[in-house]
Amino acid sequence: MKRLVILGGGTAGTMVANKLRASLPAHELHITVVDRDDAHHYQPGYLFMPFGIYNTSDIVRSRHRFLADGVDLVLTEIDRVDAAYKTVHLADGRTLGYDYLVIASGVAPRPDATPGMQGALWGNKIHEFYSLPGAQALTEAMRRFRGGRLVVHITEMPIKCPVAPMEFTFLADDWLRKHGIRERTDVTYVTPLDGAFTKPVASRELATALVDRQIALETDFAVEQIDNDTSELVSFDGRRIGFDLLVTVPLNMGADYVARSGLGDELNLVPCDQHTMVSLEHPDIYVLGDAGTLQTSKAGSVAHFAVDVFVHNFIDEFNGRPATHGFDGHANCFIESGNRKGMLLDFNYTTEPFTGNFPMPVVGPFKLLKETRLNHIGKLAFRWIYWNMLLPGRPIPMIPTAMSLAGKRVEQDVTPSGTGMPTAVAPSSPPPPPRPARPKLETKPLASARPAKPSAAPPQARPAPVAAASTRPAVDSTATDVLPTPIIPKF
Amino acid sequence: MPTTLIAGRPIDVNDEGFLTAYDQWDEKLGAELAHLIGIEMTDAHWGPIRFLRADFPGRGETATLRRASTVGGFPIKELFELFPLKPAKKMAYIAGLPKPKGCV
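As you go down the protein sequences, you meet chains G and U in turn.
Take 1 as the starting number for the first sequence in the numbering used here and just add one per residue.
Take 1001 as the starting number for the second sequence in the numbering used here and just add one per residue.
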């Protein structure tokens, strides 16, 4: 009998435990899930708490209740993993030997990583909604808010649910209007990235999303510390942003036991293969959910699709067959845009969010990258799906594991446009040369719409985000399609 | 995806102008890219650029400012001085790497 130990009983840990329990008999594979408590949080719900849409009882359930019979749940802190001896050391001194280990302990906000974040203003003017206590405290702060400077801030990437801060900003804008204090409030979105949106199609589609809502944008902001005396975010280059209410996303890091075990990088993320989720260091350690270095969003939908791929591979290998499935980085996320509308994003490692319909061409019913009522309903309905279908490991109909291009308006060579209110341009950069005419957008005709890929993704060559040029044929510099002058990005 | 002439060589770039092929870069090109955005490379500039280049293949993504600082050893304050206003984007451009991105 082999032993599988799963560290973390959250979204990924629960799904993988349940799916494997359903596929492999208990006398062949013993499955243990370890977590520090019995409280499973529906984390997408934190975003809604400050606006009174969900409360604590809507988003917290017993972990036990969602783990299949035949899965052991051990409630304790983890001290460390001894990978050489394939043993997990628990905080209370117990040990768990394993043949296979799944690290699914996610990422958590670390406000202590930024000087001043947990200073005198913490819990008073400085809040976060990436934890339950944080969301609860912010709910109180929103109730007390009477106007002023509301600043929404991201400390550094990666964060789980990367669009949540933008969703919060949209919902806050809405909420302030409803409460008649929007006029009295300045809303600013502060990001370390070079724009509110960084993918070309999304940047174009959402170019006015912030301006339309009178939300100011501050980009390339690397927070050095928070000045609790002056209530200001201070960046490494001396910029200061004052606030009356700061909603920050602290640095996200993996669990501390990962560091104690020598298994993670500087953020306690476990380096893993992009398609098989195998640890790059240990072939019997797998990383699921947010805990690894997958080059896609840290999101529940990603965990779901990656778990599907992992389960196929695990069962194959367990039964002596080679693993043939590869995860494509698929993410499918509803995002709130305020006013009881939402947007849907569907993308993967090699395909950015496009417009179009999902999951089916034309009939959808969900629209991609467009604000609709139905998308908002989808987001809210997802909570039921999460508890009743996703966690138990039931397949979600119509949603393929691998991303499909069906219904998408595929665009090539899109020039990213403005990202809301412009930020200052470095005076020393030369003016950009005239750009070539934008190539014709390639829309997929219905007749040749590709059918949805089967849920088992075929193995793919490892696509690095930047393709190696070593096999690229030499480009003829006299060819007419070589532009004589370089394209210079906006700085 | 366009191909443009930079420093006399045809280089594949995306529509924003960032290089798309890791192996097409060399330091001469890097110096030219820097020159195009008004930066003259010194040893202090090359340190972080070389770190970004070395760090990229194993991770498949461009290091954030924080990683350049905690792992690379280059204080963020200095990076803002060397590559003003948008250091992460400028360093990625000069290093021939993708700019740091979110999911949308």
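Hints should not be assumed to be uniformly reliable.
[Claimed, not checked] Listed next, the stretches of chain U that the computed footprint assigns to chain G, with coverage defined by at least 3 CB atoms under 8 Å from CB atoms of chain G:
no., stretch
1, 1001-1012
2, 1016-1025
3, 1045-1054
4, 1059-1073
The hints are simulated quantities; they were obtained by calculation from the structure and are not laboratory data.
Bear in mind the structure is a predicted one, so any value in this text is a computation, not a measurement.
Positions of the beta carbon are idealized from the N, C-alpha and C atoms, including for glycine.
Each hint, compared with the structure:
Here the stretch 1001-1012 of chain U counts 10 residues with a CB under 8 Å from a CB of chain G, which clears the bar of 3, and the coverage holds. Restraint check on the stretch 1016-1025 of chain U versus chain G: 9 residues with Cβ-Cβ distances below 8 Å, three needed, restraint holds. Coverage of the stretch 1045-1054 of chain U by chain G is violated [criterion: at least 3 residues with CB-CB distance below 8 Å; count 0]. Three residues within the 8 Å Cβ limit are the bar, and the stretch 1059-1073 of chain U against chain G gives 9, so the coverage statement holds.
In this structure, the one hint that does not hold is number 3.
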